[in-house]
Every structure is written in structure tokens, then in C-alpha cells.
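Colleague: The primary structure of each chain is shown beneath.
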Amino acid sequence: MQQCNRSQKIAICTVGLPARGKTYISRKLNRYFNWLGYKSRVFINGNYRREICGTECNSLFFDPHNEEAQKARSDCAKMALQDLIQFLKNGGDIGILDGTNITKERRHQIESDLKSSFNGIQTLWIESICNDSKVIQNNIRLTKINNPDYCNMDSEQATIDFLNRIKMYEQIYKTITDDEDLSYIKTINVGADIIVHQVYGFLLSKVVSFIMNLHTYPRPIYLSRHGESQYNVDDRVGGDSDLSELGEMYADKLADFFNQEFSTKEIKNEIIFLTSTMRRAVHTSDVVAQKLEIQPLQLKTLDEINVGICDGMTYTEIAQKFPNDFQERKINKLGYRYPRGESYLDLISRIEPVIFEIERSRQPVMIIAHQAILRCLYAYFHQNEIPEVPTLDIPLHCVIKLTPAAYFCDEKRVLINPQTGEITIKEEYVQEFIRSKSKQKSFIDL
Amino acid sequence: MQQYKKTQNKLILVLVGLPARGKTHISYKLNRYLNWIGYKSEIFSIKGAQQNNDQLDQNIDYELEIDPTNQQFVDFRQQLSFTAAHQLVNFLQNDGDIALYNGLTSTKLDRQKLKSLFKEKLKLEYQVFWIESICDDPQVILNNINESKLSRFKEKTIEQFMNHINVLAQDYESLENIENLSYIKLINIGKLVKVHMLEGYLCSKIVSFLLNLHANNRQIYLVRSCQTEYHLLDKIGGDPELSVTGKQNSQQLGDYFIEELKGNKNITFFTSQMKRGIQTAEIVGDKLGIKALKTKNLDEIDYGICDGLTVKEIAAKYPKQIKERKANPLEFKYPRGESFLDVIHRVEPIIYEIERSREPVLIIAHVAVLKCLYAYYHCNQISEIPNIDIPINCVIKLVPIPYHCLESRVIIK
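If you read the protein sequences in the order shown, they are chains A and B.
Here the first sequence stands for residues 1 to 446, numbered as in full-length UniProt numbering.
Here the second sequence stands for residues 1 to 413, numbered as in full-length UniProt numbering.
For the record, the hints were derived by calculation from the structure and aren't laboratory data.
Note that beta-carbon positions come from the ideal geometry of N, C-alpha and C, so glycine has one too.
Treat each hint with caution, since some may be false.
Taking lysine to aspartate or glutamate and the EDC-like style, the derived pairs with C-alpha atoms no more than 16 Å apart in a straight line are [unchecked claim]:
no., chain 1, residue 1, chain 2, residue 2
1, A, Lys300, B, Asp137
2, A, Lys300, B, Glu331
3, B, Lys191, A, Asp181
4, A, Lys300, B, Asp342
5, B, Lys191, A, Glu180
6, B, Lys191, A, Asp179
7, B, Lys205, A, Glu359
8, B, Lys296, A, Asp346
9, A, Lys412, A, Glu317
10, B, Lys294, A, Asp311
11, B, Lys333, A, Asp240
12, B, Lys185, A, Asp193
13, B, Lys191, A, Asp178
14, B, Lys296, A, Glu352
15, A, Lys401, A, Glu261
16, B, Lys194, A, Asp178
17, A, Lys321, A, Asp311
18, A, Lys89, A, Asp113
19, B, Lys205, A, Glu352
20, B, Lys194, A, Glu359
Take a look, some chain B residues computed to stay more than 12 Å from chain A by CB distance [what the hints assert, rightly or not]:
no., residue
21, Glu42
22, Ser208
23, Glu229
24, His231
25, Lys413
For each label pair, taking beta carbons as the anchor points, the in silico distance ranges come out as [to be verified]:
no., chain 1, residue 1, chain 2, residue 2, range
26, A, Glu67, B, Tyr126, 57 to 67 Å
27, A, His65, B, Tyr126, 31 to 41 Å
28, B, Leu232, A, Glu248, 27 to 37 Å
29, B, Gln381, A, Leu334, 35 to 45 Å
30, A, Gln137, B, Asn9, 42 to 52 Å
Please take these sequences and the hints and turn them into a complete structure.
Modeller: Take a look at the structure:
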């Protein structure tokens with residue numbers, strides 16, 4: 001459900017030692033808010049520091065007794081906060097400050113700066129605590145070594161230096177205590193323990209649920225449209241038509257593909273298999289379900305976008321009968337709502353619970369649904385900009401396998417020829433993606 | 001996501017906490033919520049076990065008789081607690097989905113015994129989630145006693161009751177991680193919440209639900225949007241605008257709320273995205289000086305192929321559907337439309353918002369949607385939903401209080 005009350009600004013600040021997943025949480029939350037339609041942005045202390053102090057900073061730079069360096073770092077942090085405040089003043093809804101913020105003084109300063117800059121602002125502090133050395137090592141390996149700070153060191157040197165850096169922080173680290181009178185969430189060991197203190201409000205309550213369900217297990221998400229339907233053949237929108245002959249063939253080949261993909265009975269039983277309640281999707285899913293011997297969940301939430309009065313018409317007919325609507329839709333496909341029907345924005349709101357469920361799951365997810373629905377789901381995981389959603393390419397007879405990871409989303413497209421069963425695979429090369437992002441000059445947007 | 005329930009393991013929710021910590025209140029609210037979203041859920045408590053046992057003196061309230069010095073009472077409470085646990089096991093072994101247990105769980109030993117009992121007696125897959133309510137604010141405890149226990153006190157005074165609690169508190173052991181239990185601790189009615197080892201779809205939902213609970217007894221107003229052309233023509237569904245009379249009635253509604261809300265602008269005000277909802281809310285909102293939040297979740301039930309037809313036309317065109325609907329009104333789905341169960345599912349986020357709100361709530365919506373919302377507060381079975389009466393030009397005021405919900409209806413002339 002979308003709450004359109006934009007009067008209260010929100011500032012979220014992270015707390016925690018390095019390699020505790022603060023940036024991961026910030027990015028995920030930022031993604032979630034933007035997808036829901038809020039204007040949200042992350043401000044990373046580390047990026048400001050890199051821009052201003054350069055990236056050749058070894059662990060000594062972070063020594064709390066290094067006064068000069070401390071001043072420089074403090075100035076950078078102030079700049080990040082000021083930019084966040086400006087962002088909120090210029091129409092932003094939610095600002096996320098991604099930094100260590102490990103001392104009471106720093107937190108107190110930020111809290112009072114925020115409160116004094118706005119008439120009514122909600123602040124939330126998210127502290128990530130981790131004492132599981134395996135998790136920390138993994139974090140370091142995955143994210144820090146590719147970090148621009150270490151581009152001139154080899155990975156072993158980088159790890160040692162980084163661990164030293166953490167030791168510097170540990171000397172002055174103070175966990176949030178209740179007497180600081182802050183609204184906070186503490187997540188300990190990737191959600192094994194969660195502590196929530198004085199968190200109220202529509203959006204912040206959602207944040208709590210969201211954080212409780214976050215994890216870093218890399219599990220695959222398979223998205224596929226139903227096989228070709230009668231209406232697809234006739235080029236009509238809406239309706240509840242059944243599969244065409246070609247569509248039925250696709251269902252068979254799809255079942256074969258999934259049967260190959262999941263090798264053991266244990267894995268098959270663990271799959272979260274979702275589909276809609278419309279005939280074409282149910283029919284496709286049933287064929288797959290039979291082959292894999294599992295049961296799909298039919299959710300009305302995954303039904304195709306409701307095209308209201310245009311139900312059953314071809315695009316030509318719509319252009320003739322409702323020329324104004326046709327034009328309107330061309331100009332603003334995202335917000336245009338079919339009379340007595342839905343818009344893409346309504347759709348995004350509608351499928352939010354499904355997004356939640358997918359985020360929560362640690363097992364493979366398989367979804368057989370419809371074009372508009374999959375565009376919304378795909379956009380969320382792939383981090384597309386919202387305006388792109390209505391034009392994303394989600395073709396028939398293609399399985400999209402997404403594997404979301406900490407900072408990117410791996411994608412593989414499997415095009416299945418319904419008649420011959422021939423498979424063509426297209427893979428996105430993710431390393432390109434990371435490199436291009438880190439070259440970005442802008443240290444605000446992610 | 002209602003269909004999930006079929007694949008769920010059985011779930012046991014065990015309440016932990018000293019007396020007057022709101023355990024019963026929490027269990028009532030949870031039980032009501034779980035039944036509303038479609039699970040078969042029941043509470044098993046000392047009181048319940050006592051009521052089912054004819055041999056016991058029904059004049060003594062064993063839930064309140066916590067005198068630790070009276071060995072007879074202590075033994076009886078133990079017994080009843082045990083009986084309740086057995087009844088719970090029985091319930092789950094049959095067709096129960098979720099069982100809430102409100103018995104003796106104050107020490108590590110009690111909890112160990114309970115866990116072993118479940119392990120021994122339950123012959124199927126199950127999950128246990130522990131809900132502890134902790135309170136160290138004496139005012140809150142006093143309020144709890146006044147609101148929920150007072151009516152049941154006979155000779156006992158509050159002071160005696162508090163003394164007994166203090167004695168019990170000495171042996172009380174709060175949940176600890178070492179016990180290896182999946183739990184949530186609610187401290188001072190949700191001011192501080194601790195969650196440990198949370199697992200599973202349902203427990204996640206329950207935690208989100210519990211996070212929103214509070215003890216403010218605030219009013220909830222349910223109102224239908226006012227008269228439209230469709231009413232006059234006896235048509236259902238559609239997206240018509242208000243008629244002239246409808247606009248006038250909205251004005252009167254606004255006047256009523258001016259008096260009722262006494263200038264409080266902090267209310268939670270929702271309406272649907274349908275023209276009649278928006279128009280009614282605009283007129284009322286203008287009078288109050290506040291704007292309603294429009295959400296598609298409150299849109300009227302989708303009548304599918306019957307949308308826009310009159311009642312007579314539907315009877316003529318779709319007699320088979322009319323029959324089906326008569327046979328099973330709750331689950332009947334209009335072809336290409338929705339059923340009441342779909343509406344419940346759609347309206348669930350609104351319930352969360354109402355629960356979360358500590359200020360009065362005003363909802364302007366439509367018949368079927370309001371039936372579902374009303375049922376959450378008032379009905380024990382969702383099968384009653386189709387028969388609920390939600391007349392037009394009538395403000396239904398609900399005030400949820402511990403274990404109960406007060407209701408009053410005002411017809412707006």
C-alpha cells in the first residue's frame with residue numbers, strides 16, 4: 001500500500017564497524033523506497049572522503065589519535081550530512097547516511113543537526129553488529145578488495161590493511177544505548193537478533209520488517225511469462241484466454257528446462273513456485289508442476305495489469321475507440337491508468353508483498369506470470385529506473401534467471417524455442433557493470 | 001498471501017510474562033487477526049481449561065488466583081496449565097493450524113517441560129514461537145489491572161494482587177538466548193522490541209503485526225461513500241459520481257465529524273480511489289480541514305462481469321452465479337472479479353495501518369470492503385461477513401478495548 005503523505009522527511013543513518021553490511025543495507029533500502037515511488041538517496045561518508053582526501057589512505061589514516069586525519073574525516077562527514085539535508089530540502093523524501101557513526105558524540109551531533117534543520121523530521125538509526133568472523137571475512141573479500149581504496153595493492157596486502165583499519169575503529173566504537181534517546185534498529189549477525197527501539201510511523205515500520213527479512217544468501221529467481229496465449233495471437237489486451245498451440249509447446253519445453261535446472265528432489269521441494277490465477281499462467285504452471293512434482297501457489301496479486309474498459313480490444317481498436325487515452329498512454333505509460341483499470345504504478349503497489357516474500361526467501365524462486373507484472377519485478381531486482389519499467393523487454397518464451405548479490409544482479413536469459421526446444425543463452429557480464437559504476441564521478445547516486 | 005497456509009507447518013505461539021503484562025490481550029488480538037486472514041486458530045489457557053472442567057469450583061478464578069503461598073491453588077493452576085497444553089495438542093493434531101498457549105511459562109523449567117510435552121505428543125511437523133511481554137512501568141501495569149482484571153476481582157484488592165505478582169517476580173526467568181528458542185520480547189508495549197532467531201513466513205507476519213500493537217483505546221469510524229446515480233438505478237459496481245442528495249449527505253457527514261472529532265486534525269483518514277469515495281472524502285475533509293489518503297486497497301469489491309448491471313439483470317443473465325453465491329457467499333468469486341476472501345487479503349494493509357494508529361481513524365469506503373474491516377473487529381468467524389449490515393448514511397463507531405470492541409451507530413439525517 002502506498003502512503004502518499006510526503007509532509008514528513010525521513011533521515012536514516014547507519015552505525016557500525018567496517019565490513020558489517022552498512023552499505024548493503026543502505027542500498028537495499030534505497031532501492032526499496034525508490035521502487036515504491038519515494039525520492040530517496042544514499043550519501044556515503046566513505047565516498048566523500050575518497051573524493052577529498054584521495055584514495056591512497058592506508059589504515060594509519062584511520063588512527064583515532066591522528067588529529068589531522070581526524071579533522072579531515074570529520075569535515076567530509078559534515079559535507080555528506082549537509083548534502084543530505086539539502087537533498088531533503090529540495091524535494092527529497094528520504095536521505096540515507098551511510099557511515100560508521102560509531103561514537104556517541106558523532107551521533108548526537110548528526111541527530112541535533114537534522115532536528116534543527118527541519119520542523120518535523122523522522123530519524124532512524126540502523127546499527128549493524130557482527131561478531132561472526134566468517135561473515136566479516138566474506139564481506140571483506142566480496143566488497144572491499146574491489147574498492148578503489150585498494151586498487152594499487154594486491155589482495156593479501158589489502159586484507160591486512162583493511163583489518164588494521166577495522167582495529168582503529170574498534171578502539172572508539174560505542175554501540176547505541178537507550179539513553180541516547182534515538183529511534184534505532186540493531187541487526188546482529190545478519191538478522192539472527194534484532195532490537196527495535198522507539199520506531200514509529202508508516203514507512204519506518206516497513207523498514208523494520210524489511211530489515212528483519214534481509215539476508216545475503218545468493219538464491220536464483222526465475223521469471224517467465226506464460227506460453228503464447230490466444231489473445232497474444234490476436235494481439236488483444238486483457239482477457240483470460242488460454243494457451244495457443246505454440247504456448248502449450250512452450251509449457252512442455254519450459255518444464256523440461258526446469259527439470260534439468262533443479263537436479264535433486266530435495267532442491268525441487270524447496271522451490272518457491274508462484275503463479276497468477278489467470279488461465280494462461282495456471283495452465284503453463286500446471287505443466288511445469290506436474291513434471292517437477294511440486295505445487296504452485298496461485299496468487300491473484302500476480303494477475304496481469306487490469307486494462308479496465310479496454311479489456312479484450314486490440315491496440316488498433318483502442319486507438320480508434322479511445323484516441324485520447326491512447327495518446328495519454330503514449331506520453332506517460334508509467335502513470336496512465338486504464339479507465340476502471342490499473343496503471344503501472346498501481347501494479348508496483350500491488351505486488352509489493354510479493355517483493356517482500358522474494359527478498360525473504362533463501363530458496364530458489366520460480367515465477368510464471370505476465371508481461372507487466374514481470375516488468376515490475378525485474379525492475380526491482382535489476383535496479384532499473386522506475387520510468388523504464390513500462391518499456392522493459394520481457395519477451396514470450398524466455399526464462400530470465402536473476403541472481404541478486406550484494407552490489408549487483410547477475411542475469412541470464414534462456415530463450416527457448418517452443419517448437420524445437422532449442423535453447424539460446426544470453427549472459428550479462430557483471431564485471432563490466434561494477435567497473436563502470438565505480439568510475440562514476442558522482443558520489444551520491446547509487 | 002492466503003494460499004500459503006496450506007503448506008505451513010502447525011504453529012504454536014507461547015506467551016510468557018508475569019500477570020498484568022497484557023498476555024491475554026496480545027493473545028486475543030493475535031487470535032482474532034489470524035482467524036481473519038484465514039487460519040484456524042485458537043487460544044488455550046488456564047481459564048479455558050477451567051471452564052471445560054466441571055469438577056472445579058467455577059467461582060474461583062484460577063487465572064487471577066496467583067497466591068504463591070496457597071499450595072492448593074498452585075497445584076490446581078499447574079494441573080489446568082497441563083490440561084490446556086493437552087487440549088492444544090489435540091487441536092493441532094486435528095484441523096487446527098495455529099494454537100496460542102497462555103499457561104505457566106515463567107521459568108526455564110516450565111518452558112523445558114512444555115517443549116518436551118510438545119515433542120512427545122505432537123506427531124507432525126510444528127514450529128514454536130515464544131512471545132514475551134515485559135513491563136517495568138508501574139503506571140502501565142496499574143492500567144492493565146484496572147482495565148482488564150478489575151471486573152473479575154471479588155474480595156481481592158489490587159494491593160493483594162500486586163503483592164502476589166511481586167512474589168512471583170522473584171522466581172520469574174526472562175527468555176534467554178541459551179534456551180535456544182525463537183522469540184520476540186515486547187518491552188513496555190513495544191517501546192523496545194527484541195527478536196531472536198526469527199524464521200518463516202507466518203512468524204515474520206506475526207512480528208510485523210505485534211510491532212504495531214499499542215494500548216491506546218482510540219475510535220475507528222467506518223462510513224460508506226454517499227448516494228450515487230447507481231443507487232437510484234439499483235445498479236452495482238461501476239465508478240459513478242455522487243448524486244445531488246449524495247453531496248448533501250456528505251455535507252451532513254462532515255458536520256457530524258466536526259462535532260465528533262472536536263478539532264483533532266491528527267486523525268488517520270483513508271478513502272478509496274473510486275470517484276464516490278474521493279468525492280465524499282473531499283467534502284468531509286474540507287469541513288474538517290484535513291485531506292484523506294486515497295488508496296486502491298479500499299476500492300469496492302470487483303464485480304467482474306456483473307459490474308454495472310442491475311440486480312434484476314444479473315438474476316436474468318447469470319442465474320447459475322446467483323445460486324453459487326447463495327450456497328457459499330464468502331468464497332463466491334464474481335467471474336473475472338473478486339471474492340470476499342480476495343477483499344480481505346487486499347484490505348489487510350489497512351488493518352495494519354488502523355492498528356498502528358494511536359489517533360482516531362476515519363475510513364470512507366464501500367459496502368463489501370467495510371464488511372471485511374468490520375469483521376476484523378467484531379466477528380469470530382469470517383463466514384459471518386456476507387451477512388454484516390453496513391447501511392448508507394450511517395457512521396459505525398468502533399472502540400476496541402481489551403478483549404472486546406464497543407460499537408455504536410449513528411444515522412446521519
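Colleague: Against the 16 Å threshold, does the CA-CA distance of Lys333/B and Asp240/A hold or violate the hint?
Modeller: holds (15 Å)
Colleague: Given the hint that Lys296/B pairs with Glu352/A, does the C-alpha gap stay at or below 16 Å?
Modeller: This hinted pair holds, its Cα atoms lying about 13 Å apart.
Colleague: Is Lys191/B close enough to Asp179/A, meaning Cα to Cα at most 16 Å?
Modeller: The hint holds at about 13 Å.
Colleague: Lying within 57 to 67 Å: is that true of the beta-carbon distance Glu67/A to Tyr126/B?
Modeller: Hint holds: Cβ distance 60 Å, inside 57 to 67 Å.
Colleague: Keeping to a limit of 16 Å between CA atoms, is the pair of Lys205/B and Glu359/A held or broken?
Modeller: Between Lys205/B and Glu359/A the Cα gap is close to 14 Å, so the pair holds against 16 Å.
Colleague: Given the hinted pair Lys205/B and Glu352/A, is their Cα-Cα distance within 16 Å?
Modeller: holds (14 Å)
Colleague: Does the beta carbon distance between Leu232/B and Glu248/A stay inside 27 to 37 Å, or does it fall outside?
Modeller: Violated: the Cβ-Cβ distance is about 49 Å, outside 27 to 37 Å.
Colleague: Taking 12 Å as the cut and beta carbons as the points, is Glu42/B off the interface with chain A?
Modeller: holds (25 Å)
Colleague: What's the verdict on Lys294/B and Asp311/A, does the C-alpha distance respect the 16 Å limit or exceed it?
Modeller: It is violated: about 25 Å lies between the C-alpha atoms, which goes past 16 Å.
Colleague: Holds or violated: Lys296/B with Asp346/A, Cα cutoff 16 Å?
Modeller: The given pair, whose Cα atoms are some 8 Å apart, holds under the 16 Å limit.
Colleague: When you check the alpha-carbon spacing of Lys300/A and Glu331/B, does it fall within 16 Å?
Modeller: Since the Cα atoms of Lys300/A and Glu331/B sit roughly 14 Å apart, the hinted pair holds (cutoff 16 Å).
Colleague: Hey, Lys401/A versus Glu261/A, does the alpha-carbon distance stay inside 16 Å?
Modeller: holds (11 Å)
Consistency note: the structure conflicts with the earlier hints numbered 1, 9, 10, 20, 22, 27, 28, 30.
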